[in-house]
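In order, the protein sequences belong to chains A and B.
The first sequence begins at 474 in our numbering and counts up one residue at a time.
The second sequence begins at 474 in our numbering and counts up one residue at a time.
Be a bit skeptical, because a hint or two may be false.
Any copy, or any two copies together, can satisfy a pair, since identical chains are not distinguished.
BS3-like cross-link-like pairs, simulated, lysine-lysine; straight-line CA separation at most 25 Å [what the hints assert, rightly or not]:
#: 1; residue 1: Lys790; residue 2: Lys540
#: 2; residue 1: Lys775; residue 2: Lys753
#: 3; residue 1: Lys775; residue 2: Lys790
#: 4; residue 1: Lys753; residue 2: Lys777
#: 5; residue 1: Lys717; residue 2: Lys621
#: 6; residue 1: Lys540; residue 2: Lys717
#: 7; residue 1: Lys777; residue 2: Lys540
#: 8; residue 1: Lys753; residue 2: Lys742
#: 9; residue 1: Lys790; residue 2: Lys777
#: 10; residue 1: Lys753; residue 2: Lys790
#: 11; residue 1: Lys497; residue 2: Lys540
#: 12; residue 1: Lys777; residue 2: Lys742
#: 13; residue 1: Lys753; residue 2: Lys497
#: 14; residue 1: Lys777; residue 2: Lys562
#: 15; residue 1: Lys552; residue 2: Lys497
#: 16; residue 1: Lys562; residue 2: Lys500
#: 17; residue 1: Lys497; residue 2: Lys562
#: 18; residue 1: Lys717; residue 2: Lys790
#: 19; residue 1: Lys500; residue 2: Lys540
Derived by calculation from the structure, the hints in this document are not laboratory data.
Treat the numbers as computed from the prediction; the structure is a model and nothing was measured.
The primary structure of each chain is shown beneath.
2 protein chains.
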Amino acid sequence: MTESIIRSGVIDADVHPWVNGDIKGLKPYLSTAWQNHFDGRYSLPDHPLRPPLAKSTSIRLDAVPPKGGVAGSDPYFMKEDLLDQHNIKYAVLTSIQAAKTICFPNPNEATTLARAFNDYFINEWLPIDPRFKLGIAVAAQDPIEAAKEIRRVGTHRSVVAVFLPLLNILMGNSHYYPIYEAAEECGLPLILHPTGTEGGFATSLQFAGGVPSTYIERHTSFPQIAMANLASLVFDGVFVRFPKLKVLAAEFGYSWLPHLLWRMDQNWKQFRREVPWIQKEPSQFVLEHVRMTTQPAEEPEKSKYLMQIFEMIHAEKTLMFSTDYPHWDNDFPSTTFRSLPDSMKQKIFHDNAAEFFGLESMIREELESK
Amino acid sequence: MTESIIRSGVIDADVHPWVNGDIKGLKPYLSTAWQNHFDGRYSLPDHPLRPPLAKSTSIRLDAVPPKGGVAGSDPYFMKEDLLDQHNIKYAVLTSIQAAKTICFPNPNEATTLARAFNDYFINEWLPIDPRFKLGIAVAAQDPIEAAKEIRRVGTHRSVVAVFLPLLNILMGNSHYYPIYEAAEECGLPLILHPTGTEGGFATSLQFAGGVPSTYIERHTSFPQIAMANLASLVFDGVFVRFPKLKVLAAEFGYSWLPHLLWRMDQNWKQFRREVPWIQKEPSQFVLEHVRMTTQPAEEPEKSKYLMQIFEMIHAEKTLMFSTDYPHWDNDFPSTTFRSLPDSMKQKIFHDNAAEFFGLESMIREELESK
Chain A
474 MTESIIRSGV IDADVHPWVN GDIKGLKPYL STAWQNHFDG RYSLPDHPLR
524 PPLAKSTSIR LDAVPPKGGV AGSDPYFMKE DLLDQHNIKY AVLTSIQAAK
574 TICFPNPNEA TTLARAFNDY FINEWLPIDP RFKLGIAVAA QDPIEAAKEI
624 RRVGTHRSVV AVFLPLLNIL MGNSHYYPIY EAAEECGLPL ILHPTGTEGG
674 FATSLQFAGG VPSTYIERHT SFPQIAMANL ASLVFDGVFV RFPKLKVLAA
724 EFGYSWLPHL LWRMDQNWKQ FRREVPWIQK EPSQFVLEHV RMTTQPAEEP
774 EKSKYLMQIF EMIHAEKTLM FSTDYPHWDN DFPSTTFRSL PDSMKQKIFH
824 DNAAEFFGLE SMIREELESK
Chain B
474 MTESIIRSGV IDADVHPWVN GDIKGLKPYL STAWQNHFDG RYSLPDHPLR
524 PPLAKSTSIR LDAVPPKGGV AGSDPYFMKE DLLDQHNIKY AVLTSIQAAK
574 TICFPNPNEA TTLARAFNDY FINEWLPIDP RFKLGIAVAA QDPIEAAKEI
624 RRVGTHRSVV AVFLPLLNIL MGNSHYYPIY EAAEECGLPL ILHPTGTEGG
674 FATSLQFAGG VPSTYIERHT SFPQIAMANL ASLVFDGVFV RFPKLKVLAA
724 EFGYSWLPHL LWRMDQNWKQ FRREVPWIQK EPSQFVLEHV RMTTQPAEEP
774 EKSKYLMQIF EMIHAEKTLM FSTDYPHWDN DFPSTTFRSL PDSMKQKIFH
824 DNAAEFFGLE SMIREELESK
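All chains should be built: construct the whole structure from the sequences, respecting the hints.
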């Protein structure tokens with residue numbers, strides 16, 4: 474049965490394509506003026522802390538395209554190596570490079586690059602295979618321009634989400650409202666990702682209580698960013714103001730969610746006078762509007778804890794499978810959550826993402842055309 | 474059976490006594506020079522965000538002493554109202570006011586006030602009843618002076634811990650090492666508490682991802698401070714360098730711990746090259762060195778989740794009962810965790826704290842003298 478779910482096609486909610494040469498690779502999508510502007514500083518900023526892995530790279534070595542270029546840069550190779558080999562029905566692409574525009578304090582630079590990345594993937598990737606879907610990147614440094622960008626390319630048939638790298642401003646803040654308005658209008662969910670959390674930039678996201686001193690500590694603390702932003706979204710009433718807005722917290726884990734749901738509800742019982750715009754339990758907003766991806770699959774001390782956590786977080790509704798291909802720690806469908814009941818697997822590996830990304834009518838059309 | 478545990482005496486790991494008049498009340502414990510220094514600014518700083526409770530106070534109204542003064546300020550009334558009434562064998566006192574010295578960027582002011590608070594409680598409270606135990610406060614702004622203070626009063630028979638309000642410096646940082654060295658030498662565990670998290674001071678602790686805009690959101694995010702500091706303590710090797718050091722995360726909740734333990738261990742498997750001084754699973758350091766208090770008791774969506782979480786966090790070892798008296802949301806022994814198995818209740822309501830605070834020999838002596 475489990476095999477059959479994978480056979481019928483899995484939706485992969487978090488895949489990272491790459492542009493060779495960073496900004497250099499975007500040249501065809503930049504005006505001459507902007508090409509000159511970036512001339513001599515084509516590299517996107519890197520951070521001094523690197524994952525201290527045995528192989529000293531954060532990329533699967535076997536994901537490097539045989540025809541050259543960096544891992545994730547060849548759509549034809551990814552088509553074979555990821556989509557065909559693992560029977561991925563749709564892969565939602567989000568560009569880590571595009572998200573790195575968060576490192577530019579200059580909003581014009583960030584906005585221009587995000588736009589060029591979007592045009593690059595729309596032109597160089599989406600036509601290659603209808604299974605490729607795109608989360609367009611926007612630069613939160615200029616929310617008005619970001620909203621324009623969402624309206625410019627957000628109606629493309631294979632654009633299914635808005636990838637929103639965060640500033641050190643929590644998501645409940647009205648700074649982001651133009652982006653939310655445009656995303657809601659275009660029916661596109663938002664994707665958060667631990668971009669900007671790895672440190673080393675002037676604009677890096679802050680963690681609680683101080684500055685982590687090692688990468689392992691920083692990586693352990695990534696979920697703080699998701700927790701903080703969910704609390705902010707809920708209590709500042711974003712889902713009241715934008716009732717159709719949906720948010721995916723990708724690659725932040727999920728075992729922290731029970732605590733957050735319960736603490737929010739408990740606090741709401743005590744402090745609701747402060748937030749009269751919140752008229753139902755905060756956990757309800759999360760369950761209705763927020764989803765999480767599975768990768769990296771968590772490894773509890775005992776395997777039974779996984780099903781307990783899944784029940785606590787309503788995983789049959791809130792979780793979406795992702796590979797995080799081509800990263801070093803990626804998960805594949807055939808080896809992830811093998812002991813889950815089929816009904817839950819169907820939801821996590823397919824149905825939740827189909828609904829979240831609005832792919833259901835597309836799936837029906839394809840079935841009917843067969 | 475449960476009744477018998479309470480009858481034999483409970484240890485309360487987090488109780489807050491108060492000094493009427495803030496700094497004014499400390500006058501007998503300040504030199505004339507320091508009295509003059511603080512003259513006209515006796516009030517400790519407050520924060521603009523207050524718990525938006527129906528009663529507009531964070532104190533139990535019935536905890537206000539009948540003879541006058543603020544709640545928690547009369548040791549004779551607390552003796553009756555808390556110790557006698559709820560059969561508390563020992564109550565570990567930590568002063569929120571003393572912790573507020575964290576708000577003074579001037580280390581001399583903070584150090585002086587912490588010392589005066591310690592002398593106040595040692596003189597005005599500890600002699601009243603041997604059930605009162607004290608967590609002496611130290612000012613982390615000057616760790617050398619803090620270490621001296623620990624050595625000055627840390628050997629008092631009823632001093633059982635060091636209350637360490639945190640700066641915006643994570644606990645793994647060597648800034649705090651003189652404090653750890655003195656605490657270890659005196660056999661005193663450290664107590665962390667959400668002091669400095671409520672916002673509004675120049676020195677308020679930062680949260681992940683930005684500045685929360687409401688009290689309810691900030692309160693929801695308090696546990697980030699505990700999570701961040703446990704990861705910092707573990708990965709920076711504090712428990713390797715100070716193998717006898719113990720840490721209590723008081724009033725931060727506990728349902729977030731499974732996630733933290735698993736993520737730390739998973740990351741250690743992948744990134745251990747970066748932290749060669751960590752020679753065993755990070756979760757083992759937490760289970761050996763870190764404890765948490767129960768208050769505020771968490772309220773999961775289904776009551777069965779509580780026992781599942783307790784199993785995941787090894788609650789029979791890591792949890793210690795606390796009332797948080799005289800705060801608005803305090804828990805009492807007879808109404809908390811009523812469905813727990815007796816063996817676990819014995820650990821949580823008594824044994825864990827007896828071991829953690831080094832009270833076992835005192836308990837034996839008292840039993841023998843009866």
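Now the hints, each set against the structure:
1. Lys790 / Lys540: neither (40 Å within a copy, 56 Å between copies)
2. Lys775 / Lys753: between (34 Å within a copy, 18 Å between copies)
3. Lys775 / Lys790: For Lys775 and Lys790, the Cα distance is within 25 Å both inside one copy (23 Å) and across copies (17 Å).
4. Lys753 / Lys777: For Lys753 and Lys777, the Cα distance is within 25 Å only across copies (23 Å; inside one copy 32 Å).
5. Lys717 / Lys621: Only inside one copy: Lys717 and Lys621 sit 19 Å apart there, 58 Å across copies, limit 25 Å.
6. Lys540 / Lys717: Neither: 43 Å inside a chain and 56 Å across chains, both beyond 25 Å.
7. Lys777 / Lys540: For Lys777 and Lys540, neither the intra-copy (44 Å) nor the inter-copy (55 Å) Cα distance is at most 25 Å.
8. Lys753 / Lys742: Answer is within; shortest intra-copy Cα gap is 10 Å, inter-copy 41 Å.
9. Lys790 / Lys777: both (19 Å within a copy, 20 Å between copies)
10. Lys753 / Lys790: within (19 Å within a copy, 36 Å between copies)
11. Lys497 / Lys540: Within one copy, since 19 Å is at most 25 Å while 77 Å is not.
12. Lys777 / Lys742: between (31 Å within a copy, 21 Å between copies)
13. Lys753 / Lys497: Neither way: Lys753 and Lys497 sit 50 Å apart in one copy and 45 Å across, limit 25 Å.
14. Lys777 / Lys562: Neither: 30 Å inside a copy, 38 Å across copies.
15. Lys552 / Lys497: within (24 Å within a copy, 73 Å between copies)
16. Lys562 / Lys500: Neither. Shortest intra-copy (31 Å) and inter-copy (74 Å) distances fail the 25 Å Cα cut-off.
17. Lys497 / Lys562: neither (31 Å within a copy, 71 Å between copies)
18. Lys717 / Lys790: within (17 Å within a copy, 45 Å between copies)
19. Lys500 / Lys540: Within one copy only: 21 Å inside a chain, 79 Å across chains, cut-off 25 Å.
The structure fails to meet hints 1, 6, 7, 13, 14, 16, 17 from the earlier list, while all remaining hints are met.
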